[in-house]
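Given the structure of chain A, go ahead and fit chain B onto it with the hints provided.
Spelled out from the first residue to the last, the chains are:
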Amino acid sequence: MTPPILANWLLKRLVSSSDADAVAGDLHEQLANGRSRLWYWRQVVTAVVVHSTHDVGHSKLMAERRSRRLCGRSFPPPLLNGAAARRVHVVVDARMVWIGDCRYHRRPDPTTGGSRDRYRRAVRPDAVGDAPRRRQRGSTSAGIMRRPR
Amino acid sequence: MRRRDYLGSFELMVLVTVMRLGDEAYGVPICTELEAETGHDIAVASVYAALQRLEDKGLVASRFGDPTPERGGRAKKFFKATGKGMREARNTHRALTRLWRNIPQLEGGTT
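So the sequence lines, in the order shown, correspond to chains A and B.
If you read the first sequence in this note's numbering, its first letter stands for residue 3, the second for the next number, and so on.
If you read the second sequence in this note's numbering, its first letter stands for residue 12, the second for the next number, and so on.
Read the hints as simulated data drawn from the structure, not as lab findings.
Nothing here was measured: the structure is a model prediction, and the numbers come from that model.
Some hints here could point you the wrong way.
What the hints assert, rightly or not - List of simulated lysine-lysine pairs, DSS-like, C-alpha gap at most 30 Å:
#, chain 1, residue 1, chain 2, residue 2
1, B, K95, B, K68
2, A, K14, B, K68
3, B, K91, B, K68
4, B, K91, A, K14
Bound conformation, chain A alone (with noise of 0.2 Å):
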């Protein structure tokens, strides 16, 4: 049997990267082994709900980060308790899979840089490059030298 291809997509859109493959991997093992499609999808549901109140749970301020820059709007940190935080990551996360491959939220991958690279490099690709940010914006001594007098 065939895994639903929608499910797999949610899967590999919404769970960190090298728990999701794995992931995968075991549904279809299981699937293959005779569990029903509807097993499948609680599985796939249950891992999006769990990877989302883990990572909030791990973070609330990069909760309160993400619903600064996607939302436009700053939640006080004790807003950010609970089911509160949940809701913002959840809705959030809803709005990264229409945005792409943008899961900055994830851990650093060496090979691919930085998670906030990645969340840069899909939000706003212009203002991605070498150089650090900081820099970019002409903050620094380097950036302040430049300017023509």
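Chain B only, in chain A's frame:
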């Protein structure tokens, strides 16, 4: 003790299952074993979340196997308990055994 330094009950179950399975500890057998022993449905993602926490604490180590066709060309992620993990499981077992002693309600199998 720092927050979340101790092992949660599900983490402990996953750690012990990893130790029981030895070299064959990856998602599917861990879930199957847990389902068989607890009698509950286990979500694969919960197991991976627990394993991630255990790995963050240095109690298990992971490695990827070769991709196989029966898994849709995806690799298995194998887990193994580290020395620290073994010690932690032993200490938790001792602590629980001590706590379990002299509780009449838990002896004799009566509710």
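Among all the numbered hints in the text so far, which are the ones the structure does not match? none
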